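S.K.: Letter by letter, the chains look like this.
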Amino acid sequence: MSAAPGPATPVPVVAPAPPAGRFKAAGNALEIRDVSVYYGDVHAVKNVSLDIPTRAIVAMIGPSGCGKSTLLRSLNRMNDLVVSARVEGQVLFRGENLIGRGVDPVEVRRRIGMVFQKPNPFPKSIYDNVAFGPRINGMPGDMDEIVETSLRQAALWEEVKHRLRESALGLSGGQQQRLCIARALAVKPEILLLDEPASALDPIATAKIEELLKELQREYTIVIVTHNMQQAARVSDLTAFMYLGRLMEYNVTDDIFTNPRVRETEDYITGRFG
Amino acid sequence: MTAQLPTAGFRDPEFARRLGRRHRAGTWYKWICFAAAAVGVLTLAVLLTDVLIDGARRLSPEFLSSFPSRRPESAGIKAALWGSIWMISLTALMAFPLGVGAAIYLEEYAARNWLNRLIEVNIANLAGVPSIVYGLLGLELFVRALGFGRSLLAGSATMALLILPVIIIASREAIRAVPGSIREASYALGASRWQTTRHHVLPSAFAGILTGTILALSRAIGETAPLIMIGALTFIAFVPEGVLDPFTALPIQIFNWVSRPQPGFHVNAAAGILVLLAVLLLMNSVAIVLRNRFQRKW
Ligand SMILES: Nc1ncnc2c1ncn2[C@@H]1O[C@H](COP(=O)(O)OP(=O)(O)O)[C@@H](O)[C@H]1O
Ligand SMILES: [Mg+2]
Chain A
3 MSAAPGPATP VPVVAPAPPA GRFKAAGNAL EIRDVSVYYG DVHAVKNVSL DIPTRAIVAM
63 IGPSGCGKST LLRSLNRMND LVVSARVEGQ VLFRGENLIG RGVDPVEVRR RIGMVFQKPN
123 PFPKSIYDNV AFGPRINGMP GDMDEIVETS LRQAALWEEV KHRLRESALG LSGGQQQRLC
183 IARALAVKPE ILLLDEPASA LDPIATAKIE ELLKELQREY TIVIVTHNMQ QAARVSDLTA
243 FMYLGRLMEY NVTDDIFTNP RVRETEDYIT GRFG
Chain B
11 MTAQLPTAGF RDPEFARRLG RRHRAGTWYK WICFAAAAVG VLTLAVLLTD VLIDGARRLS
71 PEFLSSFPSR RPESAGIKAA LWGSIWMISL TALMAFPLGV GAAIYLEEYA ARNWLNRLIE
131 VNIANLAGVP SIVYGLLGLE LFVRALGFGR SLLAGSATMA LLILPVIIIA SREAIRAVPG
191 SIREASYALG ASRWQTTRHH VLPSAFAGIL TGTILALSRA IGETAPLIMI GALTFIAFVP
251 EGVLDPFTAL PIQIFNWVSR PQPGFHVNAA AGILVLLAVL LLMNSVAIVL RNRFQRKW
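Quick mapping for you: the protein sequence lines, in order, are chains A and B. Read in order, the letters of the first sequence correspond to residues 3 to 276 in the working numbering. Read in order, the letters of the second sequence correspond to residues 11 to 308 in the working numbering.
These aren't lab readings, by the way, just hints derived from the structure by calculation. Model, not experiment: these values are computed from the prediction. Incorrect hints may appear among the rest.
Unchecked claim - Stretch-level coverage of chain A by chain B, calculated; a stretch enters the list once three of its residues show a Cβ under 8 Å from a Cβ in chain B:
(1) 80–89
(2) 177–187
(3) 225–231
(4) 245–251
Built from N, CA and C at the ideal position, the CB exists for glycine as well.
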């Protein structure tokens, strides 16, 4: 990112909870409280607080390097795997602080699934990709059924039902990404985190993923990082705009795009930087 | 910056002259590198032909199935061949789990602190320690202190120590080559560190680990110095039946025959070298077959 306009450390203006009318009743799936992430001395995410309502699709946008992925990865403890990373603050999930010392990251990751930017299927069969999570987590039930349900949920079943035993690496990029979504759903998480899931895909595959997210919203809370503002506008209910590690604005998606309250947001969505 | 286009036609004489020079330099380098490669291949070819001419006529089933003898015509390589096979199997049994375990620890578990860095540096250094030094260590530690005597067990343990650094280094390379995105995918599904290692890292790294191990074992089967050091005997008229039996090995038998004055024994030595080379080639082919098999699992 080049030549950031305005003050070096912009001051966040917007409160953690958005005026999320239709989501109020369902409560919050996640409450992020004053979360900071450091990589060594680099302060990558700065005191972010926001509420993620249950069964909402929340988009995180912002120029590259502003800390979207870092914030997302601290929600399911993936940052534990980065040696230099240190996370402070609280991520409340059903009243428990997921970042707390007594919480096992393995448990967190089973409850909060993640899909990555580049499709990363295991070099195994389609079936084994989906079955891996349920197997290692010792989930009860008929495995064939779990695999079929998950693939159906990811809108992939019809395309792969005749080749479940074939390598997942033979699928197209878009199919691979939907397989990764199916794989994440197979362990029955409550929240799904997606980090630019369509950035490596063509427009048709992207449209399929977006349609799928809308479908999944009935059962899951979804947080999606995207650098594509049209995508955020198309799929999300709420949008969080991040800038230089801070949460600048968090609001109902329509409002963010039609009536941004912060100058940086406006600059970003009108394409003045990023 | 736009290049100056030649005004008259396609050819630019100045450029063409320089291009000619560049092509000539390329040709020269090609031949120099070819010569460098040829030195190695030619040496090997000459060596092989020489040994083949000397030893091929001595190769026979009897040669493989006879014990050493005072008369070169009736001396065979049975004890040494079986000694080597025993030794290499025991060595593999000890070195493989230790080496792979150490590599997994260093790559997947170890924090980047001074202790682990110290271990890493030491392993790299150990790979360069002359084998005779391992022989001394084996003599003191296994033969004397642990009381294994001049046995197969002492020899194999010494060899295992000798090739351990190589196995660790090769396994670490193979483990490091497994893309981080596969690990992330596994962790994100709620897999523990061991489950991730066991189900994804090791299967992906297996081909590399196996190749490294077999190449390390081929080095061990040709090693002589440490075995002489721990006193593997040269005149043994039986096949080992247990790990505490005394033994001899192919390179020792060859060394012994070469140092005899009778020309008949020199022929035996050449034939012994052929047997040793055959064993080596066999092991390397197994390495290649296994690598291809595990690499193309899909
Ligand atoms: N593993 C890491 N080690 C050190 N710094 C990192 C690491 N990952 C990200 N960063 C830094 O943290 C900041 C935020 O990065 P990131 O969260 O990936 O941004 P975004 O996803 O918004 O593009 C950047 O300055 C980046 O260089
Ligand atoms: Mg990112």
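S.K.: Against this structure, judge whether each hint is valid.
M.R.: Status of each hint after checking the structure:
Residues of the region 80–89 of chain A with a Cβ under 8 Å from some Cβ of chain B number 3, which satisfies the need for three, so the listed coverage holds. With 3 residues having a beta carbon nearer than 8 Å to a beta carbon of chain B, the region 177–187 of chain A meets the requirement of three or more and the stated coverage holds. For the region 225–231 of chain A, the stated coverage by chain B is violated: 0 residues have a C-beta nearer than 8 Å to a C-beta of that chain, whereas at least 3 were required. Taking a C-beta to C-beta cut-off of 8 Å, the region 245–251 of chain A contributes 0 residues in contact with chain B, too few for the three needed, and the coverage statement is violated.
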